[in-house]
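Visitor: Here's the letter readout for the chains.
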Amino acid sequence: MKNFFGPGFRRSAGFFLGLGIFLLVITCSLAKTTWTTFPPSPPGNYFPCHSAKKLKIVATILPLQEFAQAVCQEKGEIDLLIPPGVDIHSWSPRPSHLQDLAQADCFLFVGKDLEPWISEIRNSVTASSLRWVEVAQVLNVQKDRISLPGAYHSHHHDPHLWLDFEIDVKIIDLLVDVFSEVLPEEAAYFRQNGQRYQDELEKLDKLYAASLANCRQRIFVVGGHAAFGYLAHRYGLQQIALSGVTPNAHPSTRTFVEIIKLMKNNNIKTVFVDPFSPIRLAKALAAETGATIVTLNPGVLFPPEKKDQPGIFLSIMRENLEKLKNALGCQ
Amino acid sequence: METVWSIFHYGFFQRALLAGLSVGISCALLGVFLILRKAAMIGHGLAHVSFAGVAIGLSLGWLPLLSALFFTVITAGVLVKIRQKTGLYSDTVIALVSSFGFALGILLVSLSQRINVELFSYLFGDILTISSLEVIVSILLALSLVIIIIVYFREFLYTTFDPEAAQVAGISGDKVELLLTVLSGITVVLGMKVVGILLVVSLMVIPAASALRIARTFRQALLGAVVFSLGEIFIGLCLSFWLDIPAAAAIVLLSFGLYILIVLLTKRSAQ
Ligand SMILES: [Zn+2]
Numbered sequence: 107m108k109n110f111f112g113p114g115f116r117r118s119a120g121f122f123l124g125l126g127i128f129l130l131v132i133t134c135s136l137a138k139t140t141w142t143t144f145p146p147s148p149p150g151n152y153f154p155c156h157s158a159k160k161l162k163i164v165a166t167i168l169p170l171q172e173f174a175q176a177v178c179q180e181k182g183e184i185d186l187l188i189p190p191g192v193d194i195h196s197w198s199p200r201p202s203h204l205q206d207l208a209q210a211d212c213f214l215f216v217g218k219d220l221e222p223w224i225s226e227i228r229n230s231v232t233a234s235s236l237r238w239v240e241v242a243q244v245l246n247v248q249k250d251r252i253s254l255p256g257a258y259h260s261h262h263h264d265p266h267l268w269l270d271f272e273i274d275v276k277i278i279d280l281l282v283d284v285f286s287e288v289l290p291e292e293a294a295y296f297r298q299n300g301q302r303y304q305d306e307l308e309k310l311d312k313l314y315a316a317s318l319a320n321c322r323q324r325i326f327v328v329g330g331h332a333a334f335g336y337l338a339h340r341y342g343l344q345q346i347a348l349s350g351v352t353p354n355a356h357p358s359t360r361t362f363v364e365i366i367k368l369m370k371n372n373n374i375k376t377v378f379v380d381p382f383s384p385i386r387l388a389k390a391l392a393a394e395t396g397a398t399i400v401t402l403n404p405g406v407l408f409p410p411e412k413k414d415q416p417g418i419f420l421s422i423m424r425e426n427l428e429k430l431k432n433a434l435g436c437q
Numbered sequence: 002m003e004t005v006w007s008i009f010h011y012g013f014f015q016r017a018l019l020a021g022l023s024v025g026i027s028c029a030l031l032g033v034f035l036i037l038r039k040a041a042m043i044g045h046g047l048a049h050v051s052f053a054g055v056a057i058g059l060s061l062g063w064l065p066l067l068s069a070l071f072f073t074v075i076t077a078g079v080l081v082k083i084r085q086k087t088g089l090y091s092d093t094v095i096a097l098v099s100s101f102g103f104a105l106g107i108l109l110v111s112l113s114q115r116i117n118v119e120l121f122s123y124l125f126g127d128i129l130t131i132s133s134l135e136v137i138v139s140i141l142l143a144l145s146l147v148i149i150i151i152v153y154f155r156e157f158l159y160t161t162f163d164p165e166a167a168q169v170a171g172i173s174g175d176k177v178e179l180l181l182t183v184l185s186g187i188t189v190v191l192g193m194k195v196v197g198i199l200l201v202v203s204l205m206v207i208p209a210a211s212a213l214r215i216a217r218t219f220r221q222a223l224l225g226a227v228v229f230s231l232g233e234i235f236i237g238l239c240l241s242f243w244l245d246i247p248a249a250a251a252i253v254l255l256s257f258g259l260y261i262l263i264v265l266l267t268k269r270s271a272q
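Read top to bottom, the protein sequences are chains A and B. Just add 106 to wherever you are in the first sequence, counting from 1, and you've got our numbering. Just add 1 to wherever you are in the second sequence, counting from 1, and you've got our numbering.
Quick caveat, the hints were computed from the structure, so don't treat them as lab data. Note that the structure is a prediction, hence the values are computed from the model and not measured. Ideal placement from N, C-alpha and C gives every residue a C-beta, glycine not left out. Check each hint, because a few of them may be wrong.
Selected chain A positions facing chain B (in silico; Cβ < 10 Å) [claimed, not checked]: (1) ARG237; (2) TRP238; (3) GLU240; (4) THR359; (5) ALA393.
Between beta-carbon pairs, the in silico distance windows are [said to hold, decoys possible]: (6) LEU112(B) x LYS370(A): 33 to 43 Å; (7) ASP283(A) x LEU67(B): 52 to 62 Å; (8) PHE71(B) x LEU310(A): 45 to 55 Å; (9) ASP185(A) x LEU134(B): 41 to 51 Å; (10) ILE246(B) x ASN371(A): 23 to 33 Å; (11) THR232(A) x GLY258(B): 49 to 59 Å.
Computed list of chain B residues with no C-beta within reach of chain A, every gap over 12 Å [to be verified]: (12) TYR11; (13) LEU59; (14) GLN85; (15) LEU120; (16) ILE128; (17) LEU129; (18) LEU142; (19) LYS176; (20) PHE235; (21) LEU238; (22) ILE246.
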């Protein structure tokens, strides 16, 4: 008993400390090489669009891909950077992704709240005419930014700004401007295409507003991360989510119990989840409250086979509306 | 008015208590043997191995509890065999095996980008999502562990306190070591949902160390460890709700505080 802290303990403690430091060093050096050994893009390949008259665009997430596609139509070739079905909050690029970027004309991303790795790769992809388009710039910082999406506070801005269709309209304007700068001879074409998609967005916005105007319930519960703050804010709903605006945060026991109580007091019988996220917590919440689990798609998750289906973002949003109407008991 | 006891009405909390208490019994009993055999770090090593087992389960879509049980028990057996065959110190073998386990886990996690969130619940514990199946497995395994310790009590006792006499009496020290290590592997896996892979070794070490400070006989030490462990897990789980802090932190810090208190008190009475 007295020898518990004897030489054996010291020896193994030292070993584990060493092991930890070794792993730390390896991890750090690996992380370093990801960024520094990136090969420079091949020369003479910087302006592919001018020869082919086609814009080469890379977008991080589905809504941006769809907006760009709608604006460019056949004058653009748009690649999706973050593969469908992957958690967009924890994804980060590998060197091969940077190579693709270096050959593109435009890179569309939301902003540092969704893609914090942007600032790191910016230095690695310098030798190209790539335009970096942060769509969060369309936000009126004072008015539009939502930082309190659920009932429980978080220190991050909500990055899911594409769930507000008015903001999407502004993003289309931005894309039309940027693409017209790269291909000035197609400016009128881009403007016309953009307008057509903006009309669709405005129609959808009106449909949402009308459908969600008269509802028995104005609170909806998300058994995952708080992705729907912008949507809730625009139509006067309240989102209550188990985790914050990114999926990493785990609710405390007390938060969990408070949400159970809130659901019971308001007779809420639906727990919304992401279609592709683990739903253990949502299941526990549903079991505790007798609620059913319904998927609500934040617009970035879709089966890979639907990747090139036109208008998939709009159709996901229409499906979401039906599910919300059901859950909230709207007329 | 809501009372502080309202937490006991919730199904998830009842499951966490049942799982926690059965894990607590297993950990406390094993902990006493492991400390006396100077093999306390084995829990730490096997916890790292169970990390790989969880990652295997999550990436293949199996139940992580079962894949972790399977992988950890196999590795525990291999660990003992390596030590007995090579004559290496057991802490060396533990360091070898645990770094292998952790590296394998890291590899699997990096290959599959979708399992990160769920993996956290195993690293740090997650009392909100303990399933009924996990509770039943925990209770059954805790029961069998108690029965095994009762049945082989003499063998465990001899090989722990007097290996030479055990040999004379015809008890195989190697077999007892294998059994204890495999049981530790099972217990580590059961504890990971309650306090997490990173802290599960504390459930084995701290209550047993506290009991060994004050016990006069070996049986007292075993009983004391179980009492400490059950009390600390019960109060820790309640504190996690009352004070709104993570359950793993509440349980481990509470038991550590109690251990320090016991050390201070026994020091004074010894003077
Ligand atoms: Zn999200």
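Visitor: Each of the hints needs a verdict: does it hold here or not?
Guide: Against the structure, the hints come out as follows:
{"no.": "1", "hint": "ARG237", "in the structure": "violated, 28 Å"}
{"no.": "2", "hint": "TRP238", "in the structure": "violated, 24 Å"}
{"no.": "3", "hint": "GLU240", "in the structure": "violated, 24 Å"}
{"no.": "4", "hint": "THR359", "in the structure": "holds, 5 Å"}
{"no.": "5", "hint": "ALA393", "in the structure": "holds, 7 Å"}
{"no.": "6", "hint": "LEU112(B) x LYS370(A): 33 to 43 Å", "in the structure": "holds, 41 Å"}
{"no.": "7", "hint": "ASP283(A) x LEU67(B): 52 to 62 Å", "in the structure": "holds, 56 Å"}
{"no.": "8", "hint": "PHE71(B) x LEU310(A): 45 to 55 Å", "in the structure": "holds, 50 Å"}
{"no.": "9", "hint": "ASP185(A) x LEU134(B): 41 to 51 Å", "in the structure": "holds, 43 Å"}
{"no.": "10", "hint": "ILE246(B) x ASN371(A): 23 to 33 Å", "in the structure": "holds, 25 Å"}
{"no.": "11", "hint": "THR232(A) x GLY258(B): 49 to 59 Å", "in the structure": "holds, 54 Å"}
{"no.": "12", "hint": "TYR11", "in the structure": "violated, 6 Å"}
{"no.": "13", "hint": "LEU59", "in the structure": "violated, 9 Å"}
{"no.": "14", "hint": "GLN85", "in the structure": "holds, 18 Å"}
{"no.": "15", "hint": "LEU120", "in the structure": "violated, 10 Å"}
{"no.": "16", "hint": "ILE128", "in the structure": "violated, 7 Å"}
{"no.": "17", "hint": "LEU129", "in the structure": "violated, 5 Å"}
{"no.": "18", "hint": "LEU142", "in the structure": "holds, 21 Å"}
{"no.": "19", "hint": "LYS176", "in the structure": "holds, 22 Å"}
{"no.": "20", "hint": "PHE235", "in the structure": "holds, 14 Å"}
{"no.": "21", "hint": "LEU238", "in the structure": "violated, 8 Å"}
{"no.": "22", "hint": "ILE246", "in the structure": "violated, 7 Å"}
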